[in-house]
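Novice: Start from the sequences and build out the full structure, keeping to the hints where you can.
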Amino acid sequence: MLKQAFILLIVSLIFSLGVNLVSPNKIPYIGSYRELSSGDGPIVPPTAEEGDPPFIAIDVAEMEHSMGKAMFVDARDDIEFYCGTIPGSVNIPFDYLPEENTDQYIDSMMNNVSKDTPIIVFCSGEECDLSLHLARNMQYYGYTNLSIFFGGAREWENFNLELQRSPECEE
Amino acid sequence: MRRIIDNDILTLIIRLLVGSIFIYASYYKIIEPVSFAKSIWYYHLVPGSLINLVALILPWLELICGLALIFGIQYRGAVLWMNVMTIIFMIALTTAVVRGISIDCGCFKAAQATESSAMDALIRDVGLLILTLQLLFSRSKKWMIQKIAT
Chain A
-14 MLKQAFILLI VSLIFSLGVN LVSPNKIPYI GSYRELSSGD GPIVPPTAEE GDPPFIAIDV
46 AEMEHSMGKA MFVDARDDIE FYCGTIPGSV NIPFDYLPEE NTDQYIDSMM NNVSKDTPII
106 VFCSGEECDL SLHLARNMQY YGYTNLSIFF GGAREWENFN LELQRSPECE E
Chain B
213 MRRIIDNDIL TLIIRLLVGS IFIYASYYKI IEPVSFAKSI WYYHLVPGSL INLVALILPW
273 LELICGLALI FGIQYRGAVL WMNVMTIIFM IALTTAVVRG ISIDCGCFKA AQATESSAMD
333 ALIRDVGLLI LTLQLLFSRS KKWMIQKIAT
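Top line first, the protein sequences correspond to chains A and B.
Quick note, the first sequence lines up with residues -14 to 156 if you use our numbering.
Quick note, the second sequence lines up with residues 213 to 362 if you use our numbering.
Keep in mind the hints are simulated off the structure, nothing from the lab.
Since the model is a prediction, treat every value here as computed from it, not as a measurement.
Warning: the hint list may mix true and false statements.
A few chain B residues that don't get close to chain A, going by computed Cβ distances all over 10 angstroms [said to hold, decoys possible]:
# : residue
1 : LEU228
2 : SER232
3 : LYS250
Examples of chain B residues toward chain A, derived with CB under 10 angstroms [what the hints assert, rightly or not]:
#  : residue
4  : ASP218
5  : ILE243
6  : SER247
7  : ALA249
8  : TRP253
9  : GLY260
10 : ILE263
11 : ALA267
12 : PRO271
13 : TRP272
14 : GLN286
Restricting the straight-line Cα-Cα distance to at most 16 angstroms, the calculated cross-link-like pairs of lysine to aspartate or glutamate (EDC-like) are [said to hold, decoys possible]:
#  : chain 1 : residue 1 : chain 2 : residue 2
15 : B       : LYS359    : B       : ASP220
16 : A       : LYS54     : B       : ASP220
17 : A       : LYS11     : B       : GLU244
We treat Cβ as the ideally placed atom computed from N, Cα and C, and that holds for glycine.
Specialist: This is the structure in structure tokens:
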């Protein structure tokens, strides 16, 4: 029985490592995952309601960022966005959402990505609920894979993770 | 009891069922290794440097054992692996439930940090373990391509 189990393991090893070499979805054999201690888990605001997208902690946000599959959306205005945002984020200022054709505006800001793309919405931190409101709007307009990182840019920076600043910040 | 466990028809049905479950479970993991690696990461049980290796090898082990079980090739080895894998899945799910990690199980699709269904998956795995144990103890040798080495 053990000999057969060993043969099956070797066959699986050959297939898994071999197929990964030529797969379009290949991943490095040795992963590099940072462990961040988030203490108390995700920050959930008292204004959260049932049916809201899930809230995620800093360690999950960082992991999603390093995997590179999720889109990060900054819900603050452009000045705050330029002066320190999570690298690679898209800016959709909630306070300036157009009253008409809001869905088309959001879709175009999101580059018309598929509605089931993993999306993580954030703003400054605990005092800011723009991320919650924007995520609710996006959920209403059909985005199905949303999460809210309520710790926001401040918690990101507190964990010594890099924020991206643009030249426009100086203007 | 022994006659029920050794029943050829019952063993064949369980072989096909369990084999199909493992093959089905391997599918998304093989085509989406990144998502499966993320699922493993959520459990915080595997060292970071080994997560990708586990994410690559485990689905193929599920697929190959599923096929081996259905066709009766390296049958006893496949049954052993299925019991081992089911027990490992149950340990992982139990730790998730005990530590209050809110994730779904990542058994058939990518785990999300969301509403917990780890308990549902754990209950499902208890049922799966009963089936894999039946295969482990059954002495049925019918309908297999390769003779069982006992």
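Novice: Just pull the numbers of the violated hints for me, sorted ascending.
Specialist: 3, 4 and 16
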